[in-house]
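Dock the two chains into a complex; use the hints.
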Amino acid sequence: MEPSRKKFLKNFLIGAATVPVILEACKKDTVAAAETATTTGTSSGSCALAPTETAGPFPTITPSSLVRSDIRLDRTGVALTINITVKNTSNSCAALSGAIVDIWHCDKDGYYSEYGGTGMQSVNYTTVHFLRGRQTTDANGLVSFTSIFPGWYSGRATHIHVHVYNAAGTSLMITQIAFPEGSGSAVATVNASTANGYTKGMTGYTYNASDNVFSDDTSGAEIATVTGSVAAGYTLAHTINVKA
Amino acid sequence: MPNNIIRLCYRKIIDASSAQVWDKYVFDSSYAEFLLQAQLYNQEKKYTLFSELLLHVPNAKKLHFLVSAAVVGYLQQLNDIFPDITDNLGRQFVPFKNFRFEMIESDVTKKANHRVAINFFSEPMTWHGSIGNYLLLSAAGEKENADGVLTHLVPLQPFLGIYSVKEEIL
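Line order of the protein sequences matches chains A and B. First residue of the first sequence: 1, per the numbering used here; consecutive thereafter. First residue of the second sequence: 1, per the numbering used here; consecutive thereafter.
Don't take every hint at face value.
Computed spacing ranges between beta-carbons, pair by pair [as the list claims (entries may be wrong)]:
no.: 1; chain 1: B; residue 1: GLU142; chain 2: A; residue 2: THR227; range: 53 to 63 Å
no.: 2; chain 1: A; residue 1: SER144; chain 2: B; residue 2: LEU150; range: 26 to 36 Å
no.: 3; chain 1: A; residue 1: CYS47; chain 2: B; residue 2: LYS143; range: 31 to 41 Å
no.: 4; chain 1: A; residue 1: THR136; chain 2: B; residue 2: ALA16; range: 48 to 58 Å
no.: 5; chain 1: A; residue 1: THR89; chain 2: B; residue 2: LYS45; range: 14 to 24 Å
no.: 6; chain 1: B; residue 1: ILE162; chain 2: A; residue 2: THR89; range: 49 to 59 Å
no.: 7; chain 1: A; residue 1: TYR153; chain 2: B; residue 2: ALA16; range: 33 to 43 Å
no.: 8; chain 1: B; residue 1: GLN43; chain 2: A; residue 2: SER215; range: 42 to 52 Å
List of simulated lysine-lysine pairs, BS3-like, C-alpha gap at most 25 Å [unchecked claim]:
no.: 9; chain 1: B; residue 1: LYS143; chain 2: B; residue 2: LYS46
no.: 10; chain 1: B; residue 1: LYS24; chain 2: B; residue 2: LYS62
no.: 11; chain 1: B; residue 1: LYS97; chain 2: B; residue 2: LYS45
no.: 12; chain 1: A; residue 1: LYS243; chain 2: A; residue 2: LYS87
no.: 13; chain 1: A; residue 1: LYS243; chain 2: B; residue 2: LYS46
no.: 14; chain 1: A; residue 1: LYS243; chain 2: B; residue 2: LYS97
Listed next, the stretches of chain B that the computed footprint assigns to chain A, with coverage defined by at least 3 CB atoms under 8 Å from CB atoms of chain A [unchecked claim]:
no.: 15; region: 13 to 27
no.: 16; region: 61 to 74
no.: 17; region: 98 to 105
no.: 18; region: 122 to 136
Don't read these hints as lab results, they were simulated from the structure. Glycine included, C-beta positions come from ideal geometry on N, C-alpha and C.
Bound conformation, chain B alone (with noise of 0.2 Å):
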């Protein structure tokens, strides 16, 4: 069977609830800048929630794109490594710069109605093969030494899919 290269995605969920300090971080700032720049899109101040900006003033969408740089710094802390998913050895791994931040809903009149998430995308890897719930992968184009290509173990999880797959020209 041919190798796959496939592009991990992980939707992380942050909303009031988060407990981490980098989500807490994630929350507020995600927070301060929907307040400012919903009153593009508000300026008569008819509506509270970011759903009813959707439904009712066109163009609110363009709003997922303009929070989100709120959360660029916070994503450069990261050092190119997903957050939260690691191999079953426990490390993290996942090289990443690509993503994609999605407000879920917010409240401009209510903080903790505010609900976000951050879509990480990660580089092309090399899919090895599934042994039961785990995926073997490894860095695309990863130079085999001595013991052969090194490799990772990852668990299926809930919010880690794939997303795309093309097969490896070798």
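With the rest of the complex left out, here is chain A (with noise of 0.2 Å):
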């Protein structure tokens, strides 16, 4: 074989094998270019912006990441059942269906999922509103919600977030529920247990006659009821009444 044939056939084997990339990569602009069909481009004279995708296959509404009863996320501690119950004082106390609930509280750090730090600090989607929950009241005027105990932080006693809206989002009332406290409660005993990773113990605990929240619940009305144990997990019940 001349060599001039020789090296023919040597860059037509190495263009051979180059082909099927060249084919991949015009199918894949291919598809770019027919997706662009369905999307708006800018122009100027000649120069025309690169082809764009749509925004995703198909964007579909999507309720609030808070609208769950598992509100754990990836927290981790001592199983805590939350049953809330919402009663209408307008209408002699009778449940009231249909309410949406939010409540939110502390990890056993003491800790409330929110943007640290300042600025532009960034957090992964997945994980970041961690025990914060939107249930609506069934017809008994229940929402029920799958957490972790609380833990506590300095200057307040454990305590959970509520704020309950009409169904039409209009805000009724925004209160708190507190816990019962003293030597065998629910509090000492999970903030005890270091093996939950509940650190703290109760030293520097602030109780709720000396909590500037609760210290006046000179009735208890806002303690809610606690039962359970470490092992099997607790469950807190408690009825809020509002004005609807």
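Laid out in structure tokens, this is it:
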């Protein structure tokens, strides 16, 4: 074989090897170009913007990520089921169905989910809203959340925040739920449970009587009923009366 | 020159004039969430604008975070890829898991004044250099194949920035 032909064949083989890559590239380009039919691009004279793709295959309307009954996400601790019943003082304290109930509380170490730092610190979208949830009351006025027993932080007794709205989203009540305390109480037992990651104990704890939110609640109307054990988990039950 | 590891930031503004379906859903959902959550900071109903709440109510800045809960479901629909930003072949490819939502302005009486931004932060990428107005990027840790490392060319453009940079440790 003469040298030039040999060289030609060699080049041809290299070329053949790269053909599938080129075809593949063209194929993908064609798909991208077809997709632009559904999007609007901008152009100025002969200088056209690179083709764009559609925003996602099929965007769908999605409820707020707060709408969930299991609000733990990545947080660990002693299991706590939170059952809140909403009643209507404008209707002889009958159960209020269809009310929207937001709750939020701190994790076992006393931290809330929120943006830390300042400015443009980024957060992972899958875990950032831990221990916050939203449910709508059923025919019995009940909402139920699966969570972990909240820890505590300096200056406050253990508590859960609650915001109740009517079905239209108008605020009816912003309040907090307090916990029973004292020796043998769930608060004392859980905060001693180092095996479950509760490391603070009760040293420095602010009791309900000294808490700037609960200290005026001399009748204990804001204190929930808490039953259960560290091993089996606890259940909190509380009724909130609103004027709907 | 050693390669640098960079993370891109894309700040996507969404308001009443946004035309894409996804953007419209984010607009509607974030406004509904704002109306709910703003009541916590506006119990006497003294204010109508988000900027007024920021100015007068301690902690109202938490609304950036609180309202962001409304957009998480839409972020999931993006399958961890930046929206809008394409390489010069027209393909979306920038991987992300992190974001930060911002309220720019809103108004409890007028939805048309609602304006938000979603900042998308990319996963780390290797920046091999720049060609003209384009950044030559590959996924950080991308293994070489017979052709070398596969890359993307991304044009510099408004609202696309480099969030962070560090030298690649080889």
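Results for each hint:
no.: 1; hint: GLU142/B <-> THR227/A: 53 to 63 Å; in the structure: holds (55 Å)
no.: 2; hint: SER144/A <-> LEU150/B: 26 to 36 Å; in the structure: violated (50 Å)
no.: 3; hint: CYS47/A <-> LYS143/B: 31 to 41 Å; in the structure: holds (36 Å)
no.: 4; hint: THR136/A <-> ALA16/B: 48 to 58 Å; in the structure: violated (28 Å)
no.: 5; hint: THR89/A <-> LYS45/B: 14 to 24 Å; in the structure: holds (21 Å)
no.: 6; hint: ILE162/B <-> THR89/A: 49 to 59 Å; in the structure: holds (57 Å)
no.: 7; hint: TYR153/A <-> ALA16/B: 33 to 43 Å; in the structure: holds (40 Å)
no.: 8; hint: GLN43/B <-> SER215/A: 42 to 52 Å; in the structure: violated (21 Å)
no.: 9; hint: LYS143/B <-> LYS46/B; in the structure: violated (58 Å)
no.: 10; hint: LYS24/B <-> LYS62/B; in the structure: holds (23 Å)
no.: 11; hint: LYS97/B <-> LYS45/B; in the structure: violated (37 Å)
no.: 12; hint: LYS243/A <-> LYS87/A; in the structure: holds (8 Å)
no.: 13; hint: LYS243/A <-> LYS46/B; in the structure: holds (21 Å)
no.: 14; hint: LYS243/A <-> LYS97/B; in the structure: violated (42 Å)
no.: 15; hint: 13 to 27; in the structure: holds (count 6)
no.: 16; hint: 61 to 74; in the structure: holds (count 9)
no.: 17; hint: 98 to 105; in the structure: holds (count 3)
no.: 18; hint: 122 to 136; in the structure: violated (count 0)
Checked against the numbered hints above, the structure violates hints 2, 4, 8, 9, 11, 14, 18; every other hint is satisfied.
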